[in-house]
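**Q** Hey, can you work out the whole structure from these sequences and the hints?
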Amino acid sequence: MTDRTRIDECLATFGADLTRWPAEEAAAARALGDDTALAVRRADEAWLDAALSDWPVMKADPTRIEALLARVEALPAVPVNAPAASSTSWATTFRQRYWLTGGAMLAVAASIAAVLLIAPPRQATPVTLTDEAALSMVFSTEQSEGWSEGWM
Amino acid sequence: MPGMDESWLSDATLVEQVKAGDQAAYRLLVERHYPMALRIAGRVLGTREEAEDAVQETFLKLWRASDRYDASRGTFKAWIGRVVVNHCLDRRRALKPVAALDVVGEMADDGPTPEDAAMAASRGATVAAAMDQLPPRQRAVLALFYGEGHSMLEVAEMLELNVKAVESLLSRGRAGLRQALEPLRGEMSV
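Chains as they are written, first to last, in our numbering: chain A, 7 to 158; chain B, 113 to 302.
I should point out that these hints are in silico values taken from the structure, not numbers from a laboratory. Since the model is a prediction, treat every value here as computed from it, not as a measurement. Ideal placement from N, C-alpha and C gives every residue a C-beta, glycine not left out. It is possible that some hints are incorrect.
[To be verified] Simulated restraints, written as ranges between beta carbons of each label pair:
(1) A:D67 x B:A183: 38 to 48 Å
(2) A:L81 x B:K276: 20 to 30 Å
(3) A:D50 x B:T225: 24 to 34 Å
(4) B:V275 x A:A73: 31 to 41 Å
(5) A:D50 x B:N198: 46 to 56 Å
(6) A:D50 x B:L265: 20 to 30 Å
(7) B:S263 x A:V114: 52 to 62 Å
(8) A:L112 x B:E143: 22 to 32 Å
(9) A:R77 x B:A230: 50 to 60 Å
(10) A:E30 x B:D228: 34 to 44 Å
(11) B:A183 x A:L112: 48 to 58 Å
(12) A:M111 x B:W120: 49 to 59 Å
(13) B:R205 x A:L112: 38 to 48 Å
**A** Below is the structure:
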């Protein structure tokens, strides 16, 4: 079902020429017959259609076409498609890169594993801590003084 | 095969021959599609110099990378149309907006009398100036739908958009054109 709003949208989008409209909407517009409001709208859009037909268009210059052909003739015939040469698609390239990246990551992982397995485990150097040294790590003189003042 | 009449061959067949380095096939494709490509480029870019450059780049790409065309994904005409529009949009992004109307001079030969020709050129200049105010993508869609007479489906295929997006671009392009031309409606006397 095509309503009037949709017909108005089609006029504003495709213009007054119903042959350029989607089939269903064009049929609905034709079914309206001598609808005055539609006729007024179509006349208004026909003005814009006429303006569009005045949009200047460039014509091909044969000398430019010949220049292009001469340029191509001067190119070596063999490496047609050379850069992409190959019928290599993006998917192929992606797969190649995927495997290369995967291979590189595996090599790095293997190196790390080898280093961890082969290198002797580092022994922690035993530290002999005196009572004084241990206390000075926990309480500095200043902190102790400050606390004393606060508490006392 | 040089020397043979290949003019009856389909675009897809000619592209296959171009892939094999056949310059005669390439010439036929250029002769068939260069005018259309230039019409589109001219309307999107506005100046002959820019349009010719975009079209030449497009057809050089055809020679160098014809294997990018896949006949199973659409017609050659749609593909070359897409390539030229993309070239134009890339160029347009790099360009400063200019009210370039050098194409208008070419309209002067179109009328049956000098007065008609002058009037057509004047209307053309007005429309071209109004078009120049629209975003390039809207210009491209208007050029393909109204200028080249493609259907919405064809335009959608060419620009790799869905039909709703094409309809929206058409609608906004037409509204923008109306807004720009409405004050000049009396003077244009179209």
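**Q** It remains to establish, for every hint, whether it holds in the given structure.
**A** So, going through the hints one by one against the coordinates:
Separated by about 30 Å at the C-beta atoms, D67 (chain A) and A183 (chain B) break the suggested range of 38 to 48 Å. With their beta carbons about 42 Å apart, L81 (chain A) and K276 (chain B) fall outside the hinted range of 20 to 30 Å. For the pair D50 (chain A) and T225 (chain B), the beta carbons lie near 29 Å from each other, so the given range of 24 to 34 Å is met. Between V275 (chain B) and A73 (chain A) the beta carbons are some 38 Å apart, a value that agrees with the proposed interval 31 to 41 Å.
Taking the beta carbon of each, D50 (chain A) and N198 (chain B) are about 35 Å apart, not inside 46 to 56 Å as hinted. One distance hint, 20 to 30 Å for the beta-carbon pair D50 (chain A) and L265 (chain B), holds here, with the actual separation near 27 Å. Checking the proposed 52 to 62 Å range against S263 (chain B) and V114 (chain A) shows it holds: the Cβ atoms sit about 55 Å from each other. Distance hint check: the CB atoms of L112 (chain A) and E143 (chain B) are about 55 Å apart, inconsistent with the given range 22 to 32 Å.
About 37 Å separates the C-beta atoms of R77 (chain A) and A230 (chain B), a value inconsistent with the hinted range of 50 to 60 Å. A beta carbon spacing of about 40 Å between E30 (chain A) and D228 (chain B) agrees with the range 34 to 44 Å that was offered as a hint. At about 41 Å, the beta-carbon gap between A183 (chain B) and L112 (chain A) misses the expected band of 48 to 58 Å. The given range of 49 to 59 Å is respected by M111 (chain A) and W120 (chain B), whose C-beta atoms sit roughly 56 Å from each other.
Separation of R205 (chain B) from L112 (chain A) is about 42 Å and conforms to the stated range, judged on CB atoms against 38 to 48 Å.
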